[in-house]
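Asker: Protein chains in written order, with our numbering: chain R, 1 to 132; chain F, 133 to 308.
Rather than coming from a laboratory, the hints here were simulated on the basis of the structure. Note that beta-carbon positions come from the ideal geometry of N, C-alpha and C, so glycine has one too. Treat the hints with care, since some could be wrong.
[What the hints assert, rightly or not] List of simulated lysine-lysine pairs, DSSO-like, C-alpha gap at most 30 Å:
#  : chain 1 : residue 1 : chain 2 : residue 2
1  : F       : LYS214    : F       : LYS244
2  : R       : LYS18     : F       : LYS298
3  : F       : LYS255    : F       : LYS214
4  : F       : LYS244    : R       : LYS18
5  : F       : LYS214    : R       : LYS18
6  : F       : LYS285    : R       : LYS18
7  : F       : LYS204    : F       : LYS244
8  : R       : LYS89     : R       : LYS107
9  : F       : LYS255    : F       : LYS285
10 : R       : LYS18     : F       : LYS255
11 : F       : LYS285    : F       : LYS244
12 : R       : LYS107    : R       : LYS94
13 : F       : LYS255    : F       : LYS204
14 : F       : LYS298    : R       : LYS107
15 : F       : LYS214    : F       : LYS298
16 : F       : LYS193    : F       : LYS204
17 : F       : LYS255    : F       : LYS244
18 : F       : LYS204    : F       : LYS298
[Stated by the list, open to error] Beta-carbon label-pair distances, calculated as ranges:
#  : chain 1 : residue 1 : chain 2 : residue 2 : range
19 : F       : ASP212    : R       : ILE73     : 47 to 53 Å
20 : F       : SER194    : R       : TRP63     : 29 to 35 Å
21 : F       : PRO190    : R       : ASP50     : 17 to 23 Å
22 : F       : ARG215    : R       : ASP50     : 27 to 33 Å
23 : F       : ALA282    : R       : ILE73     : 56 to 62 Å
24 : F       : ARG215    : R       : ALA39     : 27 to 33 Å
25 : F       : ARG301    : R       : ASN11     : 32 to 38 Å
26 : F       : GLY269    : R       : ARG58     : 44 to 50 Å
27 : R       : ALA65     : F       : SER194    : 54 to 60 Å
28 : F       : GLU271    : R       : ALA68     : 22 to 28 Å
29 : F       : ARG243    : R       : ASN11     : 49 to 55 Å
[What the hints assert, rightly or not] Residues from chain R shown here face chain F by an in silico Cβ test under 7 Å; the list is partial:
#  : residue
30 : ASN19
31 : LEU21
32 : LEU35
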Amino acid sequence: MTVPNTHHDMNQIEEQLKNALCRQDAPPDFTEQVLARVAEHNSSPQIRCDPWWSIFTRPRVRWAAITATAASIVIGGIYHNNVRRERAKGEAAKQQLMLALRIAGSKLQLAKAKVNELNATQTTSPSRSEQE
Amino acid sequence: MADSALAEHPPDTATAFADLVHRHRSMVFSIALHFLADRSAAEELAQDVFLQLHAHLPTLKSEDHVTFWLRKVTAHRCIDYKRRRTVPQVSLEEVAEPFAPAPAGDPIFERKLRHVIASLPGKARMIVILRYQEDLGPEDIAQVLSMPVATVKSHLQRSLALLREKVLRSIGEVTI
Numbered sequence: 001m002t003v004p005n006t007h008h009d010m011n012q013i014e015e016q017l018k019n020a021l022c023r024q025d026a027p028p029d030f031t032e033q034v035l036a037r038v039a040e041h042n043s044s045p046q047i048r049c050d051p052w053w054s055i056f057t058r059p060r061v062r063w064a065a066i067t068a069t070a071a072s073i074v075i076g077g078i079y080h081n082n083v084r085r086e087r088a089k090g091e092a093a094k095q096q097l098m099l100a101l102r103i104a105g106s107k108l109q110l111a112k113a114k115v116n117e118l119n120a121t122q123t124t125s126p127s128r129s130e131q132e
Numbered sequence: 133m134a135d136s137a138l139a140e141h142p143p144d145t146a147t148a149f150a151d152l153v154h155r156h157r158s159m160v161f162s163i164a165l166h167f168l169a170d171r172s173a174a175e176e177l178a179q180d181v182f183l184q185l186h187a188h189l190p191t192l193k194s195e196d197h198v199t200f201w202l203r204k205v206t207a208h209r210c211i212d213y214k215r216r217r218t219v220p221q222v223s224l225e226e227v228a229e230p231f232a233p234a235p236a237g238d239p240i241f242e243r244k245l246r247h248v249i250a251s252l253p254g255k256a257r258m259i260v261i262l263r264y265q266e267d268l269g270p271e272d273i274a275q276v277l278s279m280p281v282a283t284v285k286s287h288l289q290r291s292l293a294l295l296r297e298k299v300l301r302s303i304g305e306v307t308i
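All chains, full assembly: derive it from the sequences and hints.
Answerer: Next comes the structure, spelled out in structure tokens:
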């Protein structure tokens with residue numbers, strides 16, 4: 001055993017490292033094993049782990065997605081327009097109802113005033129006859 | 133190795149791939165073996181690297197590119213493998229090496245040296261392996277491991293000093 005002394009030079013260590021770390025042969029059937037694994041890998045069904053959005057790379061799916069998006073935008077627009085129109089109709093009906101209620105209220109006030117006035121005249125006329 | 137090797141042998145044929153594996157298997161296997169100090173694990177890891185190479189062949193342009201890619205992938209796989217397996221394993225390296233040919237020089241000392249190298253931290257160990265097995269310079273190692281050249285140099289210096297100290301200490305223990 002060649003034992004380096006305490007003054008062992010770094011160059012000697014490096015030389016020993018080169019010897020210790022020389023390339024070693026792989027097992028004799030290494031290449032065959034790799035080829036067998038490659039063949040096995042190629043023959044086995046591939047489980048694709050593509051991201052979900054990769055389906056849009058297919059032209060049919062892409063066109064279907066574009067059509068669906070356009071249709072949903074159009075349908076959404078129509079629906080939104082209808083909702084807005086219905087709401088406007090509702091607002092107009094509400095305004096009409098409020099106007100009708102205001103008119104009815106003023107008429108009621110008028111009728112009430114008349115009734116009060118009649119009541120007042122009826123209560124004053126018998127007292128006069130009693131005095132006479 | 134000629135850069136035009138890939139052009140001469142179209143990589144999509146099985147024969148060309150087998151030729152690539154045959155040319156580089158010793159390099160990949162040795163990096164894994166010296167790093168993991170476990171023959172069966174090194175063999176499995178090397179096979180995985182070549183399997184990955186087969187999938188990436190169309191992206192590799194030249195023989196040099198293949199060599200660089202293999203070193204890079206092997207190095208990173210080794211470091212990842214060791215990081216995942218923190219539980220100490222019984223290494224065949226420590227038991228017997230029936231297949232491995234004895235390297236030139238003192239086999240006992242070199243075996244001891246390999247044992248000491250195996251005790252280095254992951255990245256430092258890989259740097260030492262790439263430096264002394266593959267004879268790469270710090271710049272090339274930095275490219276393979278995607279780290280600054282200065283870091284590689286400092287790792288190398290520290291590792292060499294540590295190795296020298298550990299080897300001397302272990303030899304001292306043996307002689308005592």
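Asker: Could you run down the list of hints and mark each one as holding or not?
Answerer: Here's how the hints hold up against the structure:
no., hint, in the structure
1, F:LYS214 x F:LYS244, "20 Å, holds"
2, R:LYS18 x F:LYS298, "17 Å, holds"
3, F:LYS255 x F:LYS214, "10 Å, holds"
4, F:LYS244 x R:LYS18, "14 Å, holds"
5, F:LYS214 x R:LYS18, "23 Å, holds"
6, F:LYS285 x R:LYS18, "17 Å, holds"
7, F:LYS204 x F:LYS244, "27 Å, holds"
8, R:LYS89 x R:LYS107, "27 Å, holds"
9, F:LYS255 x F:LYS285, "12 Å, holds"
10, R:LYS18 x F:LYS255, "18 Å, holds"
11, F:LYS285 x F:LYS244, "24 Å, holds"
12, R:LYS107 x R:LYS94, "20 Å, holds"
13, F:LYS255 x F:LYS204, "12 Å, holds"
14, F:LYS298 x R:LYS107, "113 Å, violated"
15, F:LYS214 x F:LYS298, "22 Å, holds"
16, F:LYS193 x F:LYS204, "16 Å, holds"
17, F:LYS255 x F:LYS244, "20 Å, holds"
18, F:LYS204 x F:LYS298, "28 Å, holds"
19, F:ASP212 x R:ILE73: 47 to 53 Å, "48 Å, holds"
20, F:SER194 x R:TRP63: 29 to 35 Å, "41 Å, violated"
21, F:PRO190 x R:ASP50: 17 to 23 Å, "18 Å, holds"
22, F:ARG215 x R:ASP50: 27 to 33 Å, "28 Å, holds"
23, F:ALA282 x R:ILE73: 56 to 62 Å, "58 Å, holds"
24, F:ARG215 x R:ALA39: 27 to 33 Å, "31 Å, holds"
25, F:ARG301 x R:ASN11: 32 to 38 Å, "20 Å, violated"
26, F:GLY269 x R:ARG58: 44 to 50 Å, "49 Å, holds"
27, R:ALA65 x F:SER194: 54 to 60 Å, "41 Å, violated"
28, F:GLU271 x R:ALA68: 22 to 28 Å, "55 Å, violated"
29, F:ARG243 x R:ASN11: 49 to 55 Å, "21 Å, violated"
30, ASN19, "4 Å, holds"
31, LEU21, "4 Å, holds"
32, LEU35, "6 Å, holds"
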